[in-house]
Amino acid sequence: MDDKTPVEKDNHSSGANKTETQIVDEVTIRFAGDSGDGMQLTGAQFSDTVASFGNDLGTLPDYPAEIRAPAGSLYGVSGYTIHFSSHDVYALGDQVDVLVAMNPAALKVNLKDLKKNGIIVLNSDTFDRKNLELASYTENPLENGSLSAYHVYPIPITKSTMETLKVMNLPIKTAQKCKNFFALGVVYWLYNQSFDFTLHWISDKFKKKPELIEANTKVLKAGYYYCETTEIFDARFEVKPADLPSGTYRNINGNEAVALGLVAAASRAGIELFLGSYPITPASEILHELSKYRQFGVKTFQAEDEIAGITTAIGASFAGKLGATSTSGPGMALKTEGIGLAVIAELPLVIIDVQRGGPSTGLPTKTEQSDLLQAVYGRNGECPVPVLAAATPADCFAMTVEAVRIAIKYMTPVILLTDGYIGNGSEPWKVVKLSELPDIKAEFRTNPEGFHPYIRNEFLARPWVIPGTPGLEHRIGGLEKQNIYGNISYDPDNHEYMVKIREEKVKKISEDIPELEIHGDKTGKLLVLGWGSTYGAIASAVENQHAKGNKVSFAHLRYLNPMPRNTAVVLNSFEKVLIPEMNLGQLSRIIRSEYLIKPIIFDKVKGQPFKAIEIETKIEEILKG
Amino acid sequence: MSETVQTKYTAKDFSSGQDVRWCPGCGDFSILAQVQRSFPNLIGIEKEKIVFISGIGCSSRFPYYMDTYGFHTIHGRAAAIASGVKTANPELSVWMATGDGDCLSIGGNHFIHLLRRNIDMNVLLFNNRIYGLTKGQNSPTSEHGKITKSTPLGNIEYPINPVALALGAEGTLIARTMDGDPKHMQEMIVRSHNHKGTSFLEIYQNCVIFNDGAFDHFMKKENRAEKTIYMEHGKPLVFGKNKDKGIKLDGFKPTVIDLNDGKHSINDVLVHDEKSKELAFLLAQFNDHPELPMPLGVFLDIDYSTFEDDLTAQIAEAKKKFGEGDIDELLKGNAYWEID
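In order, the protein sequences belong to chains E and D.
So in my numbering, spot 136 of the first sequence is number 663, and the numbers just go up one at a time.
So in my numbering, spot 278 of the second sequence is number 284, and the numbers just go up one at a time.
Incorrect hints may appear among the rest.
Said to hold, decoys possible - Only pairs whose alpha carbons sit at most 27 Å apart, straight line, appear in this in silico DSS-like list of lysine-lysine: (1) K249/D <-> K732/E; (2) K639/E <-> K1131/E; (3) K693/E <-> K704/E; (4) K735/E <-> K152/D; (5) K960/E <-> K249/D; (6) K968/E <-> K1049/E; (7) K736/E <-> K767/E; (8) K141/D <-> K152/D; (9) K960/E <-> K327/D; (10) K734/E <-> K269/D; (11) K819/E <-> K326/D; (12) K686/E <-> K657/E; (13) K732/E <-> K326/D; (14) K325/D <-> K968/E; (15) K1052/E <-> K1145/E; (16) K269/D <-> K249/D; (17) K734/E <-> K326/D; (18) K1145/E <-> K1075/E; (19) K325/D <-> K732/E.
To be verified - The calculated label-pair distances, taken between Cβ atoms and stated as ranges, are: (20) G160/D <-> R972/E: 51 to 61 Å; (21) K254/D <-> Y1017/E: 52 to 62 Å; (22) A860/E <-> C29/D: 34 to 44 Å; (23) F986/E <-> E238/D: 56 to 66 Å; (24) E976/E <-> C29/D: 30 to 40 Å; (25) H1022/E <-> F287/D: 17 to 27 Å; (26) R122/D <-> H1022/E: 36 to 46 Å; (27) K14/D <-> F978/E: 21 to 31 Å.
To be verified - Okay, the calculated bits of chain D under chain E, using three or more residues with CB under 8 Å as the criterion: (28) 159-171; (29) 212-225; (30) 290-302.
It is worth saying that the hints were derived from the structure and are not from the lab.
C-beta: ideal position from N, C-alpha, C; glycine also.
Given these sequences and hints, build the entire structure.
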C-alpha cells in the first residue's frame, strides 16, 4: 500500500492556480492536537465528507482519558486517523501519509507513524519555546533539519484564524477555538474535497449561535483559500470514489450501530426496548444514542451503578420488554452475578461489552480484546451464555440484531463483544431496511392450560409470560428450580438435570448460526483465525499476501459461544492455525481446550489495533519456517 | 386517606399453597398474613397485576408464598430489579420484600436511588436487626455493643436509622409498623398501596432464633401503651394508656408532658403533619432517645411526580414532536448518500 500514494514533490511547480492534481488510490490522514483543539470533531467532519463523496474508509479516534489534559503536553495529545480509498478498506493504513499537527507535542507523538516522504502540515504559531519545552524538544525541529525526510508545510494557523476573525470582535478564546476549521479547510483543499458538507453541519450545529456559524464558516473558507492563494503545496490530490455495491449509505461507528441495532431488533420483535446502563468509557455513547429515541418508545435508565444497569434490564425483561445493558470491562465484572441470575431465570437479555484495556481501570480510552474469557467463562456455577463478537463498526449492527434474535428465541442472556476500536471507529454502512432483518418473534404465553414456568419448546426455551396475564401467576428466581414446575428444588438429580439442560440449550444454538467461512483455499498450510475487531487488519494482510502469491487462508469467528458447527472441520483442514488477538491468547486457549489443536498465538496488547503489516510479517515468517 | 373497598378476592386467593419455611414463631408469618388479609381491600387491585420482587434473606422468600407474579432475585438487588419492572411496565403493582441486610447493607445504594427516583412501588422492610439466614451476624441496624456471631466482643458499628435514611433520600411516603400489631400493619399496607410514588414501610419484625425480644421494650403488650406513639395526621401526638401524655417541643427538643399535671393542656401538644419534612426528620430521631416513645404510623406522605410517569410523558412528548418513530428513517440518518 505504501507505494500507492505519491508524495513526490516538484520543487518548481509554481504558477497561479495551476497546482497539479494527482489521482491517488488511498490516503491515510491523521489530525493531531491538544485534547481541547477539537481534533475528534475535525476528523469526524473530514471522514463524513469523504464518505459522502463515495470513498470507502476506516477511522480511529485516539484520545487521552483526561478531558482537558494540560495544554501542550505529550500525554494530552488527541488524534483522529482516517484511511480513505477508492477501493475496499478493511483496516487503517499502517502508516500515515499526512500528519496535521496543531502543536509540537502532536508532532512528537505521531511522527513515528508517518511514512518517509510523508506530508506534515503544522501550526507554526505553536512552535515557540514554551510549547517546544512542553513537548520535550531541546531544539526546534523546524530548524534543525530533523524533518528533512518529510514534506513540511508550516502554516501560521492561529494567527491566520485570528486575522480572519478580527472584524467580528469575538472574545479571544472563542476566536482561537475556531482554528481547527482552518486546518480542516487546508486539508479539504489538499484533497480536492468540497467543504459544503461541513458548512451544512456548522449551520445546523450552531443554529442558536449565529456568530459561531459566521466565525467557523469564515475560518474554514480561509483555510481553504489560504492554500489556493499562497500555493504552498506543489500538488493536490484526489481519491476517486470507491466502487461500492449500489444502495443507500451512511457513515456509522460501532456504538451508533449497536444502538440502532437494538432499536431495530426490538421493533422487529414487536416489543419495547429498555436499556439499563451506567456511564463508562468507551460504551457511554450507546446510552447517549438510545436516550435520543423516545419517539420510538425506547426507555433508557441511567442506573446508580453497573449492577443496577443490568438488574433493571433483567426486571424489564421479566416484565415482558427487551432488556439490554451496555458497558465495558470493569462494568462487565460487576454485572457478573446479574448475568447468572438471567441464566437461571432464563430471561432474554442483551449485554454489550465495548472492551477496553484492562485489568482494573486499565486503559479506558484504548482498545483491547481481553474480556473474551470473562465473557465465556467468568461466572460462578455452570453458567453458559452465548457470546457474539462484531468484526467491524458496521457489523455491530448485524451482530446486535443477532444477539437480540438469540436472546428472545432461546430465552437467554447474550453477550455481544465489541471494543473501543470498532466502537469509536467508523466506516460507511450500506443501510438496511427493517423488513430485511431476520425474523425475531417475541411470543408471550397467555394460555393457562398446561402452563408451568419451566416447560420447554423444541429449542429448549421456557415460556415468556408478561406479568398482568390472568391465570399465569408464577414465581421464578435465583434458587435452583424444579424441572417443569419451577418450585424451589434441592434435589440432587434435578440440579444436575437443570445444569445440563441449560448447557444443552446454549450448545444447540450452533445449529442456528452460519457456518464458519473460509476466505482462500479450503485446506492448506496456514489458516489465520480471527475474532472481533482484528477482522480489518487480518483481511488486509491476507489480501496483500494473496497479491504476493502466498498461500494463506482466513476465517473469522463472529460467534464465540457456541462456535459454528463446522469449526473443528475448518481448523483441522490446515497444518497450522495463527490467531492474532489483542490479548495474551484468549481465543487460542479456548481453541486449544475445545478442539485439541495448538494454535500459534500472536498477541498485541498495546491499546492499539493490529497493523496489517504486522500480521503479514508473521504470516511470512510461518510460511518460510 | 386509607379508603378501602371490598373486592372479589379473599386472603386465601393470595396464598400460593407452598409450605412456608420460616422458623416457628417468626415475625414474618404475621407480615405474610397481614399482606394477604389487606390485599383484598386494596383499591383497584387485580391479582394478575401484582408482582413481588425480593432479594436474598429470610424475608426474601416472601414471593414464593404469594399467589401473584414473583421474582426472588439476588442479594441486595431487589430495588433495582423492581425499578426495571415498574419502569418497563407501569401498569403493574410492584411490591418489594426485603430485610435490613438486603436493603440497607448490600442493597443500600439501590435503596436510596429508588427513593429519590420516586418510582411508584412499595417497599416492605422486614427489620429484625440481625442476619437470620446466614445464622446470626450483626446487621446494619444492630445496636452498638451487640454481641453476635461476628461481633463476639460487641458490635463496634453504629446502626442505620432506616426512616431517617429514607427521609434523606427524598422518600415520599415513609411509615413504620411492627409485627406485633396486625391491625396497624394492615392499615399501613393500605396506605403504602394508596400512595403514588415509592412507599417505604419499616416493619419491626422479631427473629425468634437470633434476636428474640429485640423490640420487647416497646412492642410487648404491657409496655406498648407507654412506650409507643401512633402518629395520625392533623392530630396531637399523644400516647399512654389513658392518652394522657403528649409530645411538646422545647425549642428543637421534643419532650414528654403529662396532660394531667395541671401545668399542660392538649394545646401544648405537637400536632402531627404528614406533609412536613421538618417534623418527619424530628420524629425519625426519637429512636435515639429512650425517654421518648417509639413513633409508629406515617412520618411523611407527600406528592412528587413519579419516574415512570415522567418517562411516559417524555415519550408522548417526543412522539408529538417527531411523530411516531420510523425505523427506516432512523437507520438512514440525516447524512446518507446513494450509490448507483
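message: To test your reading of the hints: which numbers does this structure violate?
response: Numbers 1, 4, 5, 6, 7, 10, 25, 28, 29, 30, in rising order.
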